[in-house]
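The lines below spell out each chain.
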Amino acid sequence: MTDRAKTAGPSATSSFIGRHWAALFLVLEVIVFCIVADGFFTLHTFQLVFIAGIPLFLLAVAETFVIITGGIDLSVGFIFGFGTVVSAKLIVAFQGLGLGDAEAILVGCLATLLIGIIPGYVNGWLVARLRVPPFIATYSMLSVSYGISEILVEGSQAGNLPYLATVVGTSYFAYFIPGRGLSFFSHERVTRGTDVISILPVMVVVVFVIILIFAFVLRNTRFGQHTYAIGGSSDAAVRSGISVKWHLERVYMISSFLATLAGILYTLQYAEGKADAGASYLLDSIVAVVIGGASLYGGVGTIGGTLIGALLLSVLETGLRVLGLPNFTIYVTVGVILIVAVLVDQFLPERTDSYR
Amino acid sequence: MGYLLEVKNIVKRFGGLVAVDNVSLGVNPGEVVALLGDNGAGKSTLIKVISGVHSPEEGEILFDGKRVTIETPMDALSMGIETIYQDLALAENLNVYSNIFLGREITKKFAGFIPVLDHNYMHSEAQKVLDTLVIKIPSLRARIKSLSGGQRQAVAISRSLYWKARLLIMDEPTAALGVAQQSQVLELVESLKHRGIGIILISHTMFDVFKVADRIVVLRRGQKVADKKRSDTTPDEIVSYIVGADSVQ
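From first to last, the protein sequence lines are chains G and Z. The first sequence lines up with residues 6 to 361 when you count with this note's numbering. The second sequence lines up with residues 62 to 310 when you count with this note's numbering.
Just chain G, same shape as in the assembly (with noise of 0.2 Å):
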């Protein structure tokens, strides 16, 4: 463990690109598509790239947290589910009871996200209270928000939303019809066939400022200090009088937050709840976190590593889909992705200096 800090790297570039390989990646994946994909460098397979992300960018940041007190949430996936359902069912059912289409869904997402953090804190209860571990815990959570959501849509899906929601949960800042000019939010009726260009989502600027205040209470306040050294050490933490219990009950509420929120998100682009609307994504943001530089073992990941992971994952499904490449395809160059990922961060000398 001394002598490591002492051996420095083989070299300045090798560690330089061993520590940013992902980012390098990312870099080429997108260099290499735009030239073996026709159509894939436009301004609507880019913004495509942040939409169909929006899952993934928010249950990656999710998981890394977890991931930092070293436990793991594996019912990410399914309370993104649970939150597209129970968001579905309420604005639905607040609308029935008289609210107007914008009161149903204001009022039906904030109860979402309220609901949404219930299977957070009873993960974190048995995580730290009752010393299950966190495979287990977040398992059963998996299959338990799987059945209630698949109980309340009766084995169907969940929809009869007002026209309402898709219109918060697809529009864009921006239009730009050319010969009529540039217009904020919404654009006025056209005729079929003329050219609209949609400029920057809505429902990405929400996420990205979302991330961003979760990235800087990580990286800048007491709590996220806390999340990195419960997950160096617990009894370091413990002793030091960091009540780690109670703030690992907090993680996993924090990451079953997200996941709902992923799922409301996903409820207003597309108008309906699935029960198994996050099943692909759980893995997904697993692999995210540790492309991103994060430790299965704990104490160590960052938000901006996960984004990283995240978009890679995200331009690959893009980028191979634009290629017209079957999806299995997408399986097996993640899987090889993940395995060079591990690879890289077990043959790279440990950082010996942290800014934190």
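Everything labelled a hint here was simulated from the structure, so no lab data went into it. Idealized CB from N, CA, C, for every residue including glycine. Don't take each hint at face value.
Claimed, not checked - SDA-like, lysine to any residue: derived pairs with alpha carbons at most 20 Å apart:
#1 G:K250 <-> Z:E166
#2 Z:K169 <-> G:R361
#3 Z:K197 <-> G:S359
#4 Z:K197 <-> G:T357
#5 Z:K169 <-> G:T357
#6 Z:K109 <-> Z:E67
#7 Z:K197 <-> G:D358
#8 G:K250 <-> Z:A150
#9 G:K250 <-> Z:R165
As the list claims (entries may be wrong) - Selected chain Z positions facing chain G (in silico; Cβ < 8 Å):
#10 A152
#11 E153
#12 L155
#13 E166
#14 F174
#15 P176
#16 R202
#17 A203
#18 S207
As the list claims (entries may be wrong) - Here are some chain Z residues pointing at chain G (derived, C-beta under 8 Å):
#19 P134
#20 Q147
#21 L151
#22 N154
#23 N156
#24 L163
#25 G173
#26 S200
#27 K206
Position chain Z relative to chain G; hints supplied.
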């Protein structure tokens, strides 16, 4: 001279087992009291009573001559009783100053109302404390993981010093160290003593004990069997107390 810490007739039972049986002990400011005994003799239990991890069934604790109750580790810390455990309780993924301030981080206001970590302040305060120690640490931004055993010990000690330790309990501070580092840590203990800090030192190494201790207390089966000035005893005699070859009152 009044004791800094005095424990009187402490009894601590675990079920039917009497772990600490009617033990009394005093530590003066600037005095190093070595606490010796075989495994299971009650040393750890006794220091856990003093540091607030266990509460005693009987007996009393006096700090500065005043009767106090220590029910939680926080009670002990707020009085200035700091304990350095054998595993040091450092977060290896964090750097030196972050460990010194762990759980008691200093914040400043960002945008007027959001409290954020004040890294510069913590860095410079930590530097001041570490400058007073014999053991030097290359950079306060170094992760604990990259430090040697002796340097880690120094970090743990500076944490106690920064938070104004008046009584320091050290559990086997030299156990996991190389020879050169052992003597550095002992020098450190010596210098803390000159600052007027009372020290309870648990050690199995007779050499360490006779090098730095002023007084030697031996526990055996929960009872105190010897309390001698270093100058009045010999390693052989202490060993015989520990193993029980000599029967003393």
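Pair hint K250 (chain G) and E166 (chain Z), alpha-carbon separation not exceeding 20 Å | 19 Å, holds
Within a Cα-Cα threshold of 20 Å, do K197 (chain Z) and D358 (chain G) meet the stated pairing?
-> 16 Å, holds
Straight-line alpha-carbon gap K250 (chain G) to R165 (chain Z), limit 20 Å = 17 Å, holds
Quick one, are K169 (chain Z) and T357 (chain G) close enough, alpha carbons at most 20 Å?
-> Since the Cα atoms of K169 (chain Z) and T357 (chain G) sit roughly 27 Å apart, the hinted pair is violated (cutoff 20 Å).
Given E153 (chain Z) as an interface hint, is the shortest Cβ-Cβ distance to chain G below 8 Å?
-> OK, holds: E153 (chain Z) within 8 Å of chain G, min 5 Å.
Hint check: is the beta carbon of P176 (chain Z) less than 8 Å from a beta carbon of chain G?
-> 7 Å, holds
S207 (chain Z) as chain G interface residue, shortest Cβ-Cβ below 8 Å | Holds: closest Cβ of chain G sits about 4 Å from S207 (chain Z), inside 8 Å.
Restraint status (C-alpha distance of K197 (chain Z) to T357 (chain G) at most 20 Å) | 16 Å, holds
Given the proposed pairing of K109 (chain Z) with E67 (chain Z), does the C-alpha separation stay at or below 20 Å?
-> 15 Å, holds
Using 8 Å as the Cβ threshold, decide whether A152 (chain Z) counts as touching chain G.
-> 3 Å, holds
Residue hint E166 (chain Z), partner chain G, criterion CB-CB below 8 Å = 5 Å, holds
Restraint satisfaction for N156 (chain Z) [CB to CB of chain G, less than 8 Å] | Cβ of N156 (chain Z) sits 4 Å from chain G, so the hint holds.
In summary, the structure is inconsistent with hints 5, 14, 20 and 25 from the numbered list given earlier, while agreeing with the others.
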